[in-house]
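Asks: Go ahead and model the full structure; you've got the sequences and the hints to work with.
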Amino acid sequence: MIPGTVDPTRPIDSELVLEFNTRSERARAEVAELVSETWAQSPLVLFTEVRGSRSPASKSVKELLKPYALLPRPVIFDVDQRTDEAVLRPLLFRLTSSKSLPIVIVGGKVMAAQELVTLDASGDLTDVLEAAGAVVDGLPGKFRKQAP
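Each residue of the sequence shown is one higher than the one before, starting from 793 at the first, in the working numbering.
Honestly, I wouldn't trust all of these hints.
[Stated by the list, open to error] Beta-carbon label-pair distances, calculated as ranges:
{"#": "1", "residue 1": "Gly930", "residue 2": "Pro795", "range": "34 to 40 Å"}
{"#": "2", "residue 1": "Ser816", "residue 2": "Leu887", "range": "22 to 28 Å"}
{"#": "3", "residue 1": "Val902", "residue 2": "Thr801", "range": "16 to 22 Å"}
{"#": "4", "residue 1": "Thr918", "residue 2": "Ile804", "range": "33 to 39 Å"}
{"#": "5", "residue 1": "Arg815", "residue 2": "Thr918", "range": "38 to 44 Å"}
{"#": "6", "residue 1": "Val798", "residue 2": "Pro932", "range": "39 to 45 Å"}
{"#": "7", "residue 1": "Val909", "residue 2": "Pro932", "range": "24 to 30 Å"}
{"#": "8", "residue 1": "Arg815", "residue 2": "Lys901", "range": "27 to 33 Å"}
{"#": "9", "residue 1": "Ala904", "residue 2": "Glu817", "range": "37 to 43 Å"}
{"#": "10", "residue 1": "Asp912", "residue 2": "Pro795", "range": "34 to 40 Å"}
{"#": "11", "residue 1": "Asp876", "residue 2": "Glu907", "range": "26 to 32 Å"}
{"#": "12", "residue 1": "Asp919", "residue 2": "Gln873", "range": "29 to 35 Å"}
{"#": "13", "residue 1": "Leu826", "residue 2": "Met793", "range": "15 to 21 Å"}
{"#": "14", "residue 1": "Asp919", "residue 2": "Val827", "range": "21 to 27 Å"}
[Unchecked claim] Subject to a maximum C-alpha distance of 30 Å in a straight line, what follows is the list of computed DSSO-like cross-link-like pairs (lysine-lysine):
{"#": "15", "residue 1": "Lys901", "residue 2": "Lys891"}
{"#": "16", "residue 1": "Lys891", "residue 2": "Lys858"}
{"#": "17", "residue 1": "Lys854", "residue 2": "Lys901"}
Since the hints were derived computationally from the structure, they do not count as laboratory data. Glycine is no exception: its CB is placed at the ideal position from the N, C-alpha and C atoms.
Replies: This is the structure in structure tokens:
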């Protein structure tokens, strides 16, 4: 959780989120390694909401992705269900230049929900997800995407 004392309009103190000395000689290499490992473990991250004006869009994105049976499974943060929502929401908007939820991040690249819908409709979403490191149809049986 993000402490309520964090000002989402200002840069975040690196010691709040990183588990190493950011002033060490290896800091750049450690950050690069952390970024690489993070996207390898979680190629698809969604920031969504369960209630509110944008919840239908959040639900649609989740539903759109289900048939892809992704491994690793998408990491989903239901922002409006978190105790740090008041800090997290404006922080996400500042860091991603998004103006509303859902926020979709594929392999470190922020995408609009509509872009995901367009890629799905064109048949290109599988390639984008796989390029990010996700395995499409990685889940067993009933979760797999049916061929058209």
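Asks: Does each hint fit the structure? Answer for all of them.
Replies: Hint-by-hint comparison with the structure:
| no. | hint | in the structure |
| --- | --- | --- |
| 1 | Gly930 with Pro795: 34 to 40 Å | holds (36 Å) |
| 2 | Ser816 with Leu887: 22 to 28 Å | holds (24 Å) |
| 3 | Val902 with Thr801: 16 to 22 Å | holds (19 Å) |
| 4 | Thr918 with Ile804: 33 to 39 Å | holds (35 Å) |
| 5 | Arg815 with Thr918: 38 to 44 Å | holds (43 Å) |
| 6 | Val798 with Pro932: 39 to 45 Å | holds (41 Å) |
| 7 | Val909 with Pro932: 24 to 30 Å | holds (26 Å) |
| 8 | Arg815 with Lys901: 27 to 33 Å | holds (29 Å) |
| 9 | Ala904 with Glu817: 37 to 43 Å | holds (39 Å) |
| 10 | Asp912 with Pro795: 34 to 40 Å | holds (38 Å) |
| 11 | Asp876 with Glu907: 26 to 32 Å | holds (27 Å) |
| 12 | Asp919 with Gln873: 29 to 35 Å | holds (32 Å) |
| 13 | Leu826 with Met793: 15 to 21 Å | holds (19 Å) |
| 14 | Asp919 with Val827: 21 to 27 Å | holds (22 Å) |
| 15 | Lys901 with Lys891 | holds (16 Å) |
| 16 | Lys891 with Lys858 | holds (25 Å) |
| 17 | Lys854 with Lys901 | holds (18 Å) |
Hint compliance for this structure: every hint is met.
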